[in-house]
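Protein chains: 2
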Amino acid sequence: MILVNGKPEDRISISDRGLNYGDGLFETIAFRNGVAEFIDAHIQRLVDGCIRLNIPFQQLELLSTELDSIYQSLKDVDSVIKIVITRGSGGRGYLADNTAEPSRIISTHAYPSYPKSYQQQGVSVRLCQHKLSENPTLAGLKHLNRLDNVIARNEWSDENIAEGLMFDQSNHLIEGTMTNVFIVKSNQLISPKIQTSGVNGIIRAQLIRMANQLGINFKEDIISQTELNNADEVFVCNSINGIWPVKNIMDFEKTLSVGPITQQLQHVLLEVEK
Amino acid sequence: MILVNGKPEDRISISDRGLNYGDGLFETIAFRNGVAEFIDAHIQRLVDGCIRLNIPFQQLELLSTELDSIYQSLKDVDSVIKIVITRGSGGRGYLADNTAEPSRIISTHAYPSYPKSYQQQGVSVRLCQHKLSENPTLAGLKHLNRLDNVIARNEWSDENIAEGLMFDQSNHLIEGTMTNVFIVKSNQLISPKIQTSGVNGIIRAQLIRMANQLGINFKEDIISQTELNNADEVFVCNSINGIWPVKNIMDFEKTLSVGPITQQLQHVLLEVEK
Chain G
1 MILVNGKPED RISISDRGLN YGDGLFETIA FRNGVAEFID AHIQRLVDGC IRLNIPFQQL
61 ELLSTELDSI YQSLKDVDSV IKIVITRGSG GRGYLADNTA EPSRIISTHA YPSYPKSYQQ
121 QGVSVRLCQH KLSENPTLAG LKHLNRLDNV IARNEWSDEN IAEGLMFDQS NHLIEGTMTN
181 VFIVKSNQLI SPKIQTSGVN GIIRAQLIRM ANQLGINFKE DIISQTELNN ADEVFVCNSI
241 NGIWPVKNIM DFEKTLSVGP ITQQLQHVLL EVEK
Chain V
1 MILVNGKPED RISISDRGLN YGDGLFETIA FRNGVAEFID AHIQRLVDGC IRLNIPFQQL
61 ELLSTELDSI YQSLKDVDSV IKIVITRGSG GRGYLADNTA EPSRIISTHA YPSYPKSYQQ
121 QGVSVRLCQH KLSENPTLAG LKHLNRLDNV IARNEWSDEN IAEGLMFDQS NHLIEGTMTN
181 VFIVKSNQLI SPKIQTSGVN GIIRAQLIRM ANQLGINFKE DIISQTELNN ADEVFVCNSI
241 NGIWPVKNIM DFEKTLSVGP ITQQLQHVLL EVEK
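Protein chains in written order, with the numbering used here: chain G, 1 to 274; chain V, 1 to 274.
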């Protein structure tokens, strides 16, 4: 099912600023067991992002009503719900028209069918050659300017490699192409700072909150390739796949087992999602 | 007139990667006196960009035929022709489907009506606070990830300010929000290096070629804010507006007259466009 500004359509105007400039934001939400997981956090991030980009999004009630009809249409079929908000079609060139209404696009997609082993035994990852663009003003946002991720993800086609890790221009670890990343070193849980690049992931934020509740020592920090190579545990996470332990970093010829902190967080995350 | 993949339409699929990721490129072409100016250079940049982004664009003959029909529809009305090429709708998430056909979108727009004084007496510009993202892999490309330009252009609404100058993360001058920039210092023509950010403009390239033919001393270089402030001449340029001399840099309270090298290049550019 697809709703464009509340109507069942599958196309948008070619003058939409989302197409022309990537001038918008998106959310990818897990709909499982009849529930849109962490929906409040997703909506909050969307609203925060619109504020940061100065997109005058005031259709929150409409969006909420539309999501309800989407949930009903899905019945109990596990699905991915994608929301795209753009600045709409107004303006002259880059200059926006702040009286123009943003575009709302909600679409549903089949839940991806990754092997169960990805969560249980872990995944193989590689290091991406393409480096993330850096800009503090855009860092954290799940905006529609995603060429970095596209270029990085298309560096490999080997289906045995589940994810690629991405680095900034200074070769600091930031995230995966579609995930956030954590490492564990000497019982310290560490995730890269999202200051000049990277996305503020919903599951990343949940895991940081859970780690605090569990008394797991957590910090945001700069992570070099050497620190990644020396990590005791590594995992990647996102809203759709939960936590994937990393069992193998190809370029380092490094193999890891699923460590205790990774398992603990997986357990708690699965409990919350129930 | 709008053609989407050769058909008269004004919408595209919401699954198009141009919308979802800004996964594509565009060209903005001046159609004046019945001629699409520098069309070969625009098409060449589009093809080069597709190669750099690994977009399998092989519809050059179709595009050419479609442009011909666009020219005919315009008759002799001066217009702006915009071409957008995206990676199309294929793939799974960021992973592209290289068998999917790219999308071709051609649209025509009214020629913008800026005052004649902009070319003759020059324009007022300001310095944008928003800094350009840096990434050597993307630098030069006229890609669809244009949030930097959108954010910068929306810093001001004063219609007396025609353009904003943009700087990289190190505060080096790179370009205007919709233009390239040149300065003149002691008869030396200088344009910023397009190595980590900025667009390789068509008019910029033409002017560099013309400067060489005219025996004007030209170099690409790093330009600091101090060097900008000390310049004898400053001008911005693009395919639609030609050369706009800068008469006033607001933030520096700096005023300039239209200098001899700027005038010389304006003259030669107008001759070529005839």
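In short, the hints are calculated from the structure, not lab data.
Keep in mind the model is a prediction, meaning the values are calculated, not measured.
Certain hints may be false.
Covered, in the sense of this in silico footprint (three residues per stretch, anywhere, with C-beta under 8 Å from a C-beta of chain G), are these stretches of chain V [as the list claims (entries may be wrong)]: (1) 17-28; (2) 89-95; (3) 217-230; (4) 241-248.
Restricting the straight-line Cα-Cα distance to at most 27 Å, the calculated cross-link-like pairs of lysine-lysine (DSSO-like) are [what the hints assert, rightly or not]: (5) V:K254 with V:K193; (6) V:K7 with G:K7; (7) V:K75 with V:K7; (8) G:K142 with V:K7; (9) G:K82 with G:K185; (10) G:K116 with G:K82.
If the Cβ cut is set under 10 Å, some of the chain G residues that face chain V in the computed set are [stated by the list, open to error]: (11) D10; (12) S15; (13) G24; (14) T28; (15) V47; (16) D48; (17) I51; (18) T86; (19) Y94; (20) A96; (21) T137; (22) G140; (23) L144; (24) D148; (25) N149.
Virtual Cβ for every residue (Gly too), placed ideally from N, Cα, C.
Evaluation of the provided hints:
Requiring three or more residues with a Cβ within less than 8 Å of a Cβ of chain G, the coverage given for the stretch 17-28 of chain V holds, as 8 such residues are present. Residues of the stretch 89-95 of chain V with a Cβ under 8 Å from some Cβ of chain G number 4, which satisfies the need for three, so the listed coverage holds. Beta-carbon proximity to chain G at under 8 Å applies to 0 residues in the stretch 217-230 of chain V; the threshold of 3 is not reached and the given coverage is violated. Here's how the stretch 241-248 of chain V fares: 0 of its residues keep a CB closer than 8 Å to some CB of chain G, so the rule of at least three is not met and the hint is violated.
With a C-alpha separation of about 24 Å, the suggested pair K254 (chain V) and K193 (chain V) falls inside the 27 Å cut-off, and the hint holds. Of the pairs offered as hints, the one joining K7 (chain V) and K7 (chain G) holds, with about 24 Å between alpha carbons and a cut-off of 27 Å not exceeded. Distance restraint check for K75 (chain V) and K7 (chain V): the Cα-Cα separation of roughly 19 Å lies within the 27 Å cut-off, and the hinted pair is therefore satisfied. Between K142 (chain G) and K7 (chain V) the CA atoms are separated by roughly 33 Å; this puts the pair beyond 27 Å, and the hint is violated.
For the given pair, K82 (chain G) sits about 35 Å from K185 (chain G) by alpha-carbon distance, which is inconsistent with the 27 Å threshold. For the hint pairing K116 (chain G) with K82 (chain G), the CA-to-CA distance comes to about 23 Å; that is within 27 Å, so the pair holds. Interface hint status for D10 (chain G): upheld, as the beta-carbon distance to the closest one in chain V is roughly 6 Å, under 10 Å. For S15 (chain G), the interface hint holds, since its Cβ comes within 10 Å of a Cβ in chain V; the closest pair sits about 8 Å apart.
For G24 (chain G), the interface hint holds, since its Cβ comes within 10 Å of a Cβ in chain V; the closest pair sits about 8 Å apart. With 10 Å as the threshold, the beta carbon of T28 (chain G) comes within range of chain V, its nearest partner Cβ sitting at about 9 Å, so the hint holds. Because the beta carbon of V47 (chain G) sits about 18 Å from the nearest beta carbon in chain V, more than 10 Å, this interface hint is broken. A distance limit of 10 Å between C-beta atoms decides the matter here; for D48 (chain G) the minimum to chain V is near 16 Å, and the interface restraint is violated.
Using the Cβ-Cβ criterion of 10 Å, the hint placing I51 (chain G) at the interface with chain V is not satisfied: the shortest such distance is roughly 13 Å. Nearest Cβ of chain V to the Cβ of T86 (chain G): about 8 Å, under the 10 Å cut. The hint holds. Taking 10 Å as the C-beta cut-off, the interface hint given for Y94 (chain G) holds, the closest approach to chain V being about 4 Å. Interface restraint check for A96 (chain G): the shortest CB-CB distance to chain V comes to about 5 Å, inside 10 Å, so the restraint holds.
Annotation: T137 (chain G) was flagged as interfacial toward chain V, and the flag holds, the nearest CB pair being 6 Å apart, inside 10 Å. With a cut of 10 Å, the hint placing G140 (chain G) at the interface with chain V is violated, because the nearest CB-to-CB distance is about 13 Å. Because the smallest distance between the Cβ of L144 (chain G) and any Cβ of chain V comes to about 6 Å, under 10 Å, the interface hint for this residue holds. Hint on D148 (chain G) holds. Least Cβ distance to chain V is approximately 7 Å, under the 10 Å limit.
Because the beta carbon of N149 (chain G) sits about 5 Å from the nearest beta carbon in chain V, less than 10 Å, this interface hint is met.
Of the numbered hints listed earlier, those contradicted by the structure are 3, 4, 8, 9, 15, 16, 17 and 22.
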